[in-house]
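If you read the protein sequences in the order shown, they are chains A and B. Under my numbering, the first residue of the first sequence is numbered 1, with each subsequent residue one higher. Under my numbering, the first residue of the second sequence is numbered 529, with each subsequent residue one higher.
None of these hints come from the bench; they were simulated from the model. Just so we're clear, the structure is a prediction, and the values are computed from it rather than from any experiment. Quick reminder that beta carbons are idealized off the backbone N, C-alpha and C, glycines included. The reader is advised that the hints may include incorrect statements.
Some chain B residues close to chain A (C-beta under 8 Å, calculated; not the full set) [said to hold, decoys possible]:
| no. | residue |
| --- | --- |
| 1 | R532 |
| 2 | L539 |
| 3 | L543 |
| 4 | F551 |
| 5 | F555 |
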Amino acid sequence: MSAVTPDQLHDDHHHHGPTGLMRWITTTNHKDIGTMYLIFSFIMFLSGGVMALTIRAELFKPGLQIVQPEFFNQLTTMHGLVMVFGAIMPAFVGFANWMLPLMIGASDMAFARMNNWSFWLLPVAAILLISSFFVPGGATAAGWTLYAPLSVQMGMGMDLTIFAVHIMGISSIMGAINIVVTVLNMRAPGMTMMKMPLFCWTWLITAYLLIAVMPVLAGAVTMILTDRHFGTSFFNAAGGGDPVLYQHVFWFFGHPEVYIMILPAFGIVSEIIPTFARKPLFGYASMVYATASIAILSFVVWAHHMFTTGMPAATQLFFMYATMLIAVPTGVKVFNWVATMWRGSMTFETPMLWATGFIFVFTMGGFTGLICAIAPIDIQVQDTYYVVAHFHYVLVAGSLFALFAGAYYWLPKWTGYMYSEFIGKLHFWCSIIFFNITFFPMHFLGLAGMPRRIPDYALQFADFNALASIGAFGFGLSQLIFIVAVVKCVRGDGKKAAASPWEDAHGLEWTVPSPAPHHTFETPPVVK
Amino acid sequence: MSTRASDNRSLLMRLGIAAVAMFGFGFALVPFYEAICQATGLRNILQPDVVENTQVDPTRQLTIELDANTHDLAWRFRPTQNTVDIHPGQLVEITYEVTNTRDVAVTGQAVPSYGPQIAGDYFKKLNCFCFEKQTLAAGETRVMPVLFVVDPKLPNDVHTITLSYTFFEVEGTQAQKTAPGGRS
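Starting from the given sequences, assemble the full structure and let the hints guide the process.
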């Protein structure tokens, strides 16, 4: 797992080594591994999506029609786990693998062999997680947060989930270490830290967050495991433990985790907007500092997820104000993006549409986050659909939209062909319209008091739920358009892409041909 | 190239150590949390409460309903009376009776809860069998007291308080499990 050694560098044109399936299993090439990460995360995205649609089908009208409550609880739990750990996080790691070495002028990731290992742990974890549906008692139904005491009482599906979380945690930590080392040590001559594209910066900070908090999650689920099988009482009230302690440990991980899922999205958007506004990013340095501030603040806000656990008012106030403080650096970012667009020569190709859509819809999710941060309001909306609406606005319209923006932006670099603008735009408009049809009504449902994670509801919630379900199916089906766009690109049904297919894109990744050759920057470029 | 490889390796080591340290930090949060709870008195369910106000308010009458449950525990557990009428500020003793119906000694821990929840803040227990674990020999029956005062500051709209105990078997003593003794 050393850096790429000179004897690997002889030949750019012929790929040595195994072919067929073994090529993918044994590959240490950052582009191959990035591709595998992206394909894996898209498969997990579709599986989590099927779970979400089953949930929405059940909620289409009041009463129980399609699934039993026990299975419904398993679906909500697994939908969350699959989307967070299987879809969003690996997708960003896939982008990091593909783009970081190209952006900083490195020939590969710092530890190429470890990179292969980080990826191949993921399918193992995914199989463990999904197979838990088929064990006696079914998958874990404790919610994606795996709160004690439920998680201490569940059947063996919970054990499979714990091991899956362990494995995914190890994979993330190895991936994160690889990214930190690559960004800090492998930059091309002249590529100073403050010249790096913002995507590198946001990923560097995200990688530090991952190293800091994934082990805490591993510790929390290990404590559940020992409470379940080895007679400890960390969370077992009868043995002197406290279930609320689990919530503290979990959210100490959980809050930085939500920034792990959004900071790389900020990075992608910060690459795309300057390109299509044809202006340099406004306030580059302030963007870096804002990202770092968000990361640091994320460690002191966790208890805003637990305002109803009976903490003293002083503690509630502290976490309320600390949380609201995060709006300041986040606001800096949003204003900087808008300022970048200001008087720019903007064109709205598909990546720019997604990025603009991201700013618009993510900011709405940010505002509902501020509302949830206010302790007296949070106590009203805790565990209602208002919270569901909030985190889907930031996670779907935030992280996922940025991922699509990045995918369309770099698809020409990855495949060598332009995607179809018509298909890309259709995907965007279907997604953003159906997204809002799905999740906007949930704000009203939550304010009216509809609790989350329950398969049945009172009659007065019926209309908005039917609307949300229709939107969800529209949103789900819209994602199939993306498959068409990518398949057409990969098969070469389109215009051949130039090395720099965008009129005003800057960055080292656009200096290599499209598609990016298997080996790039074996001689480091010099950045002036 | 070789200096870069060794730089990479030393950074890998340092980051790896950081990750292992953070794994330990997760466990360090447990004693830290307990210390904070102790220092702030947030979760002193195993300690007697301090009674500040013992001025009996004879104009107000409260009904205390007593409830008993067990959780996966083969004990017979019931209050010796179902309800008791009291005045706020009055020192009251009630008793619960518990029988171990198993043929082995079993240790259990009772956890109280209150209805309405807010009453818990005003229900001051001076002595309670729930302050410690109870070990009952096979077939043993024990009558256990609870000595309490309801603070007269209890909101006026509360007329009935339900005191409910649930006995849990302390992990590690269950006959069918062979795991070593649990953390106390």
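Next item on the list: May I ask which of the numbered hints given earlier this structure violates, with the numbers listed in increasing order?
Entry: none
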